[in-house]
Amino acid sequence: MSSTSNSPTGSNRVRIVVATSVMLTFISYWRAAAVILNDLGSSAFYAGGIAEQAIGKSAPWFVLGVMLFAFAVRAVYVESCSMFVRGGVYRVVKEALGGTLAKLSVSALMFDYILTGPVSGVSAGQYIAGLINDTISIADAHGWIPSALHRAFHGTPQVGVNGTAVLFGIAVTLYFWWENIKGIEESSEKALWVMQITTVMVVMLIGWSLFTLLKVGGHLPPFPTLANIHYSDESLGFWKHSKLPHMFGILGLIIGFGHSVLAMSGEESLAQVYRELAHPKLKNLKRTAIVIGVYSFVFTGLVSLLAVMLVPDDVRVKVYSDNLIAGLAMYMIGPQILRLIFRAFVVVVGFLILSGAVNTAIVGSNGVLNRVSEDGVLADWFRRPHKKYGTTYRIINLIVGLQLFTIIVSWGNIYTLGEAYAFGVVWSFVFKTISMLVLRYRYKGERNWKVPPNLHIFGVEIPIGLASVAMVLLSTAIVNLFTKSVATVSGLIFSVVFFAIFTFSEKVNRRKHADHAAQMKEQFQLQQAESVGRETVGIRAGNVLVPVRDYNTLHHLKWVLERTDTREQDVVVMTARISQFGSAAYGLSTEQIFSDYEQTLFTRAVSVAESFGKKISLLLVPARDPWSAVAQTAHNLESSAVVAGISSKTTAAEQAFALGTAWEAIPEPKQQFILQIVRPDGTVDTFRIGPHTPTMKNEDVVLLHRLWLNVTQEPGLEKVHHHDILTEALTRFARDFGAHAHDDIVKELRRHSADGGPLPARRIADQIPTVQPEPTRSDRDEGPHGSKE
Amino acid sequence: MSLSVLLIKILEYMFVAGWVGSVIVLVLTGIEDIGTLLDTEDETSH
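Here the protein sequences come in this chain order: A and B. The working numbering applies: residue 1 is where the first sequence begins, and numbers increase by one. The working numbering applies: residue 1001 is where the second sequence begins, and numbers increase by one.
These aren't lab readings, by the way, just hints derived from the structure by calculation. Where hints are given, some of them may not hold.
[As the list claims (entries may be wrong)] In silico DMTMM-like pairs for lysine to aspartate or glutamate, Cα to Cα no more than 25 Å straight-line:
1) A:LYS507 - A:GLU598
2) A:LYS318 - A:ASP233
3) A:LYS243 - B:ASP1033
4) A:LYS283 - B:ASP1033
5) A:LYS283 - B:GLU1012
6) A:LYS57 - B:ASP1033
7) A:LYS94 - A:GLU535
8) A:LYS318 - A:ASP140
9) A:LYS240 - B:GLU1012
10) A:LYS558 - A:ASP681
Produce the entire structure from the sequences given, and follow the hints as far as they go.
In structure tokens, the structure reads:
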């Protein structure tokens, strides 16, 4: 171990620099809003239908009320983010109410996340099945269905809606399970693209609906009074045979509100994107909150209202309650084929946004469970990385297993799924808001914004706004316990089971972590650093950076150590602790960042270095994106080379492209470096990251030389160098590219790129007359000071 | 008055009082939001 020690104290313990600032790529508030709306906006596809099934035709008023109330809830999130950069439920509840209630709140949040997947997948399946059936019905009405097929199905052929929805939900869940096992990266670009398409649909939907209303007229849904609320058999749960719901007017409102509350599911994402928001963070968070608030009010709220106004009662509940927007598309004025095409567009958008929500559910659950696992309340066994992909596959398997179980048990019943989903949504909001209320008195740290209004009586602050939001949420959550029997039973069982797992794991881990801490204390010395720099790591410029992730594949580290004299050039082994989208809201202490996995990884790296008798420096950085972390670390450490192992998922060229893209995002000034991708068989691909002299083909050199020979024949140009020709050529190219010849150049480059062949330098070179060089000419290639080009 | 009726009454008062306060939150934050939207300083691009 001494061969690798660089401890300033000279002890045998290996010093590891642990950076505590996460290397994030910051996003604008538009992108942040798009990420949240991919979750929040998806509920527009099913929330209105579920609410109407529960409480009748006045449901849109409740959905609008929920969307209005969501503005107040997001104020709670803005306040929590102004206190903690990672202001998610777990952090806030733990800070305010302690570990036990934090575990309980995370259990409720997990129920929310786990249900998001099935409800979204099944809903997308309902839209698809509905479209297939209606298309077949229309085709049948036109006599386009063969009579044999007609006979075989004893009427118009139809697919089973719930069965299709279940199959689709399973297929989408399995698809994203595999993607998450492989470790797909969340992209705000994709979220923005989905929201752009969704916005086109929303504008068309609302515009066309309003035009239809103008032409054919319509009636507003009945106002939400006790007389107008018509409870279904399922909507009263344990109060099914009680007179209470029919006795109290305001209780009816609470029941209705409780059945519509799932329309605001997804607000939690506001805390998760906060860390990634660009400066000024708080202002941008408020802007994000405004965008998502207005968007979801218009989309979820207004569309639910328009659906009740335009779609006739007899078909709305019977046929379209599970695909309400599709029903709205079919009941607008215009040719049937146009409506059917628009409905297909609705289904495509629904597929995109709801499938995205399935993925968000898996990513979010994985993030939350990773976070609690890091805190020692989930056995480390769950976090063991996948051998090939390095992902926490056991957690992903657990989540997806529970989601598949939920889909099959519900058998495509979107109402049951939605009702259960609301349990997790409302209780995680309750825990969060009550915790924020407690923190008004317990938390004395920085707080940049508070939910208004706040009264001050004798120096005591009365948080009227925060308390009001908490009262609405708590009263709704308590009433939901009685009216949503399936949700209450399943939610409580789920939460209790998860709570028990957390508590048991915590006890087991406490003992294990004590041993681990003692072992770590003996072996490693953790040095905490806010940011990464050469001084903090104690290395020289021009070092070699070796990113490692999997302790089974350290062949590239061996390759580096074989070739590097560490007395002349430092070798830094770094690993990035990836903080995924779902877990970005949570803070990690040094010990959490350096978990037992990192300890095993660095122990292996140290033993490799010892086998070579060479010294390495160890570095651990938390990051959102591994390539950004590598690029920023190489930049901060002034590394001359980065040596990575070949990825199991991408090619070497793709790895280089990813690192190059991350390098481009670093602000100037920055220096170039070499990336070497080492394969297990020892073959290496080398790339230059950043602007660099390209490798010139022989024909290019010949062309340049011929041009140079010709140019230097001209009077007064005898002293021109090869590089002068290149400078002139590039200057002319830049000028032409920015002006008249842009299209021609792009066309020519595209043609050769598609051919895969070289640009015709040889052909051009052959067209230039050869000038016999004078014997001394080649000497002029030397610069004025004798330096080679 | 039975316990369940008392509980429901409490929940109803909580809900109504909460909504009144929440409407005040909406108005106050709404006014602030208008200011945030009009303030284009430090605005980041897409």
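How the hints compare with the structure:
1. A:LYS507 - A:GLU598: holds (22 Å)
2. A:LYS318 - A:ASP233: Roughly 15 Å separates the two Cα atoms, so the pair holds.
3. A:LYS243 - B:ASP1033: Given pair LYS243 (chain A), ASP1033 (chain B) is violated - Cα atoms ~44 Å apart, limit 25 Å.
4. A:LYS283 - B:ASP1033: At roughly 10 Å apart (the allowed maximum being 25 Å), ASP1033 (chain B) and LYS283 (chain A) satisfy the hint.
5. A:LYS283 - B:GLU1012: violated (36 Å)
6. A:LYS57 - B:ASP1033: Since the Cα atoms of LYS57 (chain A) and ASP1033 (chain B) sit roughly 33 Å apart, the hinted pair is violated (cutoff 25 Å).
7. A:LYS94 - A:GLU535: violated (36 Å)
8. A:LYS318 - A:ASP140: Given that 25 Å is the threshold and the Cα spacing comes to 21 Å, the pair holds.
9. A:LYS240 - B:GLU1012: holds (19 Å)
10. A:LYS558 - A:ASP681: holds (12 Å)
In terms of the numbered hints stated before, the structure departs from hints 3, 5, 6, 7, listed from lowest to highest.
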